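With the sequences and hints as input, model every part of the structure.
What follows is each chain in one-letter form.
There are 2 protein chains.
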Amino acid sequence: MLYYLYEHFHINIFHYITFRAILAFFLSFFITIFIMPKFISWAKAKATQPIFELAPDNHKTKNSTPTMGGLIYITSAVISILITTEFNKYVLLTLLLLVYFTYLGFIDDYGKIKGSSNKAGLSAKTKFLLQWVGALVISYLLIKVGFDTKLYVPFYKYPIFDMGYYAVIFWAFIIVAMSNAVNLTDGLDGLATVPSIFSLFTLGILLYIVGNYKFSSYLFYPFELGVGELTIIVFALIGALLGFLWYNANPAEVFMGDSGSLPLGAVIGFLAIVAKSELLLIFIAFVFIMETVSVILQVGSYKTRGKRVFKMAPIHHHFEMLGWKENKITIRFWIMALITNLIAILSIKIR
Amino acid sequence: MLYYLYEHFHINIFHYITFRAILAFFLSFFITIFIMPKFISWAKAKATQPIFELAPDNHKTKNSTPTMGGLIYITSAVISILITTEFNKYVLLTLLLLVYFTYLGFIDDYGKIKGSSNKAGLSAKTKFLLQWVGALVISYLLIKVGFDTKLYVPFYKYPIFDMGYYAVIFWAFIIVAMSNAVNLTDGLDGLATVPSIFSLFTLGILLYIVGNYKFSSYLFYPFELGVGELTIIVFALIGALLGFLWYNANPAEVFMGDSGSLPLGAVIGFLAIVAKSELLLIFIAFVFIMETVSVILQVGSYKTRGKRVFKMAPIHHHFEMLGWKENKITIRFWIMALITNLIAILSIKIR
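These protein sequence lines are chains A and R, in that order. Numbered by the working numbering, the letters in the first sequence go through residues 9 to 359 in order. Numbered by the working numbering, the letters in the second sequence go through residues 9 to 359 in order.
Rather than coming from a laboratory, the hints here were simulated on the basis of the structure. The reader is advised that the hints may include incorrect statements.
Since copy identity is lost for identical chains, a pair holds within one copy or between any two.
[Unchecked claim] Restricting the straight-line Cα-Cα distance to at most 25 Å, the calculated cross-link-like pairs of lysine to aspartate or glutamate (DMTMM-like) are:
{"hint": "1", "residue 1": "357", "residue 2": "15"}
{"hint": "2", "residue 1": "158", "residue 2": "232"}
{"hint": "3", "residue 1": "336", "residue 2": "261"}
{"hint": "4", "residue 1": "222", "residue 2": "232"}
{"hint": "5", "residue 1": "97", "residue 2": "15"}
{"hint": "6", "residue 1": "319", "residue 2": "261"}
These numbers were taken from a predicted model, which means no experiment stands behind them.
Following this line, the structure appears as structure tokens:
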């Protein structure tokens, strides 16, 4: 919206992506900080998520903490995005993705609250199916608006090959996988929040580069006109998450719920695609991928060999069983996320 | 040291401050991560700091946590600094400052352990006097090596006036004040560690600008040849602190002690001076200054009016008495430190 102050009244400062990104950050931070406590006291009466019954025993004290905080921070971010961005095709697609996955998460959260059991909400199959539908549509639209389908890999400046329409499947897989990865990680207070901030920050840098003619050619990245605008979305999300952390930090007064983790993961996957850095997610989203791999290994090993690899999966529960305190696990995972994201940022220069 | 690979063998990559800063970061991070557990198990037998007897009751469980972790992370940082920097006058002065204040803190920590009471160690008066002596000498040497004594203020591109030799007193005050401010803040697990990382990061950017001819003239900062090298010291310290956080995160397995907080505060003050940003410390070191002001207000109010302003000072204890959980206070203070440092970074462009 503010972009039109530049377009129609030629107020130059609103032209700059950096300026509007800063604005977006502070806007969504303060909106979240102010709205969240109102939501928490309202929700305490209504929306309480039952703790997954297989989680370690000490998690049972968390039964009265309200969930669906994601609904609030995504809404704050969207308000801030509507105010600060120019509505180009990439911005609109990202908004569509955010709204769809938040809605999906909301149905799931809401169903669980009504059903008063962690098993209620959408069935796992339906949820998975609806994630795929959304991700496939978004990926298809991305090609339709003319986005380049060539695949780039880290540390190498040329594209490997052109995926053509196969990209729809590949990209949808990335979006669905990341969406579920963040969802799995969201099992300790603040565990998904801060690594998401780090991932988004790295993606913000990448998007700025890909959307900037000079930087992209200097660093051997493909240039895509309009992608830079997504940097603003990234900083709106970071601001909202930081505001959320104020209440989500251990001991959490509110959880993000599926309405927070599903869109967060999906948008991280989508932005990595648009930043031409799908495979760099190994570093950008290391903690989320590690959590997911731990579940796959655990289930796979149990089904094929009848043995477990970890005391409990996802892996953060494994460390809990080993006697690490919840809060220490969280902060160590944050440090891991920070270090791996630094590696991701360094890789930008090494192509 | 590695700088001489460039000087004598013309290996170009070792010329770059950015490359050596990254190296310094990872070096001190991993050195700290590997050495700290050895120190912890050794110290568990020997070095345990008695908790200040006026602290809230629940702190008494912390009596068996070893202290003096600062000695280890400063040592790790110094090793990394010796490997990665070119030994110019500013680097040598910073090393001198680090070693002096760490030694001061060490005597204090060691005395407390021997005396088995938080009151033992150096007397408050002796400690304060020795801080001033060190700070005055360093400030005097800074002028002697030819550092500019003009005072700059935030948001304004020209110097206000030339402090001449009065700078020695002003700078020494900054160093002593910051040293004590970080020391006061270090009262909850991780509370001083992460805000120090944020402060150092901001200072790293400022030092890089002041030490770079192009950037300093573009952003209207004075240029000082050789100051850029301190960016490397900053990243060595950040790496060491991040490694320390791995063990210092709540529940802490080790405290930094005075041997960590005194040099940390002193170096933050000193680097702000060298970065020509003494007054920007209001944002760069907001949390530390807030803590210090809370103590001054509390003591001042009690002495003059017989009334207390806070339930307990420093202010983090006040929030504890209000029922906030230790860990939540810590993370909220981190968020405050992050936001205020973002403001400090933004102020760079607004002069």
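Hint check results:
1. For a Cα distance limit of 25 Å, the shortest separation of residue 357 from residue 15 across copies, 24 Å, qualifies, whereas the shortest one inside one copy, 34 Å, does not.
2. With identical chains, the CA atoms of residue 158 and residue 232 are at most 25 Å apart within one copy only, with a shortest distance of 12 Å there and 46 Å across copies.
3. For a Cα distance limit of 25 Å, the shortest separation of residue 336 from residue 261 qualifies both inside one copy, at 18 Å, and across copies, at 10 Å.
4. Taking identical chains as interchangeable, the C-alpha atoms of residue 222 and residue 232 lie at most 25 Å apart only when both belong to the same chain, with a minimum of 12 Å there against 29 Å between chains.
5. For the identical chains of this complex, residue 97 and residue 15 are intra-copy neighbours only, at 17 Å inside a copy versus 51 Å across copies, given an alpha-carbon limit of 25 Å.
6. Taking the closest pair of Cα atoms, residue 319 and residue 261 come within 25 Å of each other only across two copies (24 Å); inside a single copy the shortest separation is 28 Å, beyond that limit.
The structure fails none of the hints (numbered hints given earlier).
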